[in-house]
Amino acid sequence: MIQQEHNTTEPADLALNNATEAAEQTEGRRMAELSAHSSTHVVTTKQGMRSARGNWHTKPRIGIMGGTFDPIHNGHLVAASEVAWVYDLDEVIFVPTGRPVFKLNKHVTNAEDRYLMTVIATASNPKFTVSRVDIDRPGITYTIDTLRDLRAMHPDAELFFITGADAVAEIMQWKDVDEMFELAHFVAVTRPGYSPEAASNLPVGRVDMIEIPALAISSTDVRKRATNGEPTWYLVPDGVVQYIAKHGLYRQ
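Okay, so the sequence shown: first residue is 978 according to this note's numbering, each after it adds one.
Because the hints were derived from the structure by calculation, they are not lab data.
No experiment lies behind these values; they were computed from the predicted model shown.
Misleading hints may appear alongside valid ones.
Unchecked claim - Dumping the calculated SDA-like pairs for lysine to any residue here, alpha-carbon to alpha-carbon at most 25 Å:
1) K1152 x Q1229
2) K1083 x D1143
3) K1083 x Y1119
4) K1201 x K1223
5) K1083 x N1051
6) K1083 x P1208
7) K1083 x I1194
8) K1201 x T1167
9) K1201 x N1051
10) K1223 x I1187
11) K1080 x R1114
12) K1083 x I1187
13) K1080 x D1126
14) K1201 x D1126
15) K1036 x I1187
16) K1201 x Q1229
17) K1152 x A1088
18) K1080 x Y1227
19) K1080 x R1109
20) K1036 x N1051
21) K1152 x P1077
Let the hints inform the model, and build the full structure from the sequences given.
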């Protein structure tokens, strides 16, 4: 639990405290994969579901945005929003990893800090929710476990797993890759200038590639700037900037 300051707080600190309190108050609902906003724009009838864009679907369409989110930045949010628009998704679930399998030998910020930053960053978008399935699961985080858990929670939904293009070249080496492709359709978001050659070995129709200009932002660069005392405003959401400063994240 994050302790409140007892002295007079600055407006920025007060805003962060309020945002963090709100995040913690909604944590129980998010753990159960429920959101007060998740069906805000969806109309359900016997014929199916009508999305916010007026399209009819027979099943809910849910995006899964997995990542370390160390920290989450505006590129992640833009990518999720763009994929949600292109695929007419009803919801995008952000899933911070617990122990990322590809970063076992690297320092990763505490999972609770990464979770709370993700909650703060996504709070203003009614289509975005945050799941604890990976950070609450013991052991190393594998994408297949994420998909199995979310499939069990949403048995009737179409799942779209959103990943970075950097991962595409190695995706065929991921654990239980064939089952992954059965559980969800994969969408790889790319930076401008990305070469599609990395996707040449992928099964036809299993992975779509979408270019997102805002992905020029990277968590690595944000961490470096925070370590060096450089500003991170407008690279990450305002609440995340304040959270990083208040808790001294990424300092040497």
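Hint-by-hint comparison with the structure:
1. Using a Cα cut-off of 25 Å, the hinted pair K1152 and Q1229 is violated, with the two alpha carbons roughly 34 Å apart.
2. The hinted pair formed by K1083 and D1143 meets the criterion: a straight-line CA distance of about 18 Å does not exceed 25 Å.
3. Restraint check: the Cα-Cα separation between K1083 and Y1119 comes to about 17 Å, which is no more than 25 Å; the hinted pair holds.
4. A hinted pair counts as satisfied when its Cα atoms are at most 25 Å apart, and K1201 with K1223 qualifies at roughly 17 Å.
5. A distance of roughly 23 Å separates the Cα atoms of K1083 and N1051; the hinted pair therefore holds under the 25 Å criterion.
6. The straight-line distance between the Cα atoms of K1083 and P1208 is roughly 24 Å, inside the 25 Å bound, and the hint therefore holds.
7. Of the supplied pair hints, the one linking K1083 and I1194 holds, its CA atoms being roughly 20 Å apart against a limit of 25 Å.
8. The hinted pair formed by K1201 and T1167 meets the criterion: a straight-line CA distance of about 22 Å does not exceed 25 Å.
9. For the suggested pair K1201 and N1051, the alpha carbons sit about 16 Å apart, so the restraint of at most 25 Å is met.
10. Of the pairs offered as hints, the one joining K1223 and I1187 is violated, with about 35 Å between alpha carbons and a cut-off of 25 Å exceeded.
11. Pair hint K1080 plus R1114 holds up; C-alpha atoms about 17 Å apart against a cutoff of 25 Å.
12. Our distance criterion of 25 Å between C-alpha atoms is broken by K1083 and I1187, whose separation comes to about 29 Å.
13. A threshold of 25 Å between alpha carbons decides the hint, and for K1080 with D1126 the separation of about 22 Å falls inside it, so the pair holds.
14. For the proposed pair K1201 and D1126, the alpha carbon gap of about 34 Å is over 25 Å, so the pair is violated.
15. Between K1036 and I1187 the alpha-carbon distance is near 23 Å, which keeps this suggested pair within the 25 Å criterion.
16. At roughly 10 Å between alpha-carbon atoms, K1201 and Q1229 fall within 25 Å of each other, so this suggested pair holds.
17. Between K1152 and A1088 the alpha-carbon distance is near 22 Å, which keeps this suggested pair within the 25 Å criterion.
18. Of the supplied pair hints, the one linking K1080 and Y1227 holds, its CA atoms being roughly 16 Å apart against a limit of 25 Å.
19. In summary, the hint linking K1080 to R1109 is supported, as the alpha carbons are separated by about 19 Å, within the 25 Å threshold.
20. Between the alpha carbons of K1036 and N1051 the distance comes to roughly 29 Å, so the proposed pair goes past 25 Å and is violated.
21. Distance hint between K1152 and P1077 is fulfilled; the C-alpha atoms sit about 13 Å from each other, no more than 25 Å.
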